[in-house]
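Construct the complete structure from the given sequences, taking the supplied hints into account.
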Amino acid sequence: MTLDAGLIVPVVVFDGDCGFCTWSVGWAQRWIRSDVTFMPWQRADLVALGLTPQECASALQFVQRDGRVESGGRAVCALLTCGRAPWPWVGRLGSVVGVRRVVDGMYRLVARHRHRLPG
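Each residue of the sequence shown is one higher than the one before, starting from 15 at the first, in this note's numbering.
Errors might be hidden in some of the hints.
The calculated label-pair distances, taken between Cβ atoms and stated as ranges, are [claimed, not checked]:
id, residue 1, residue 2, range
1, Gln-68, Arg-130, 16 to 24 Å
2, Asp-59, Gly-112, 30 to 38 Å
3, Val-61, Val-113, 17 to 25 Å
4, Ser-72, Pro-132, 17 to 25 Å
5, Pro-132, Arg-106, 27 to 35 Å
6, Pro-100, Leu-123, 34 to 42 Å
Hints were generated in silico from the structure; no laboratory data involved. If you're wondering where the values come from, they're calculated on a predicted model, not measured in any experiment. C-beta atoms are modelled at their ideal positions from N, C-alpha and C, and glycine is treated no differently.
Right, here's the structure in full:
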């Protein structure tokens, strides 16, 4: 699916002003090796992606091929499912109801302290 802005989804939208976030994207590109587009929200056409600056400032966003948006820990799991083995399995495991609560909690903890983390 191609959006009006000429972007091909899936798209991971992250905070380009956050060193830890930028470092994490580099790690994901190197190790997960998925065919998603990574874009800092500060340079993205958020309207075309169906996102707001507030959503993007508060959490990682993953725009699916069908336009659905996953946020936070669920965005991380969605990204993992697009990667090469063993990452899809890890992403699906993170989406299991009981595990998802842990993933969401860990995501919130890291996101709250991301400006203190190296990167």
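Each hint tested on the structure:
Checked against the given bound of 16 to 24 Å, the beta carbons of Gln-68 and Arg-130, roughly 22 Å apart, stay inside it. For Asp-59 paired with Gly-112, a C-beta distance near 37 Å keeps the hint of 30 to 38 Å intact. For Val-61 and Val-113, the Cβ-Cβ distance of about 34 Å falls outside the hinted range of 17 to 25 Å, so the restraint is violated. The supplied range of 17 to 25 Å is met by Ser-72 and Pro-132, whose beta-carbon atoms lie about 21 Å from each other.
Our hint of 27 to 35 Å for Pro-132 and Arg-106 holds, since their Cβ atoms are close to 29 Å apart. Distance hint for Pro-100 and Leu-123: a CB-CB separation of about 24 Å, inconsistent with the stated range 34 to 42 Å.
Hint check: violations occur at hints 3 and 6; the rest are consistent with the structure.
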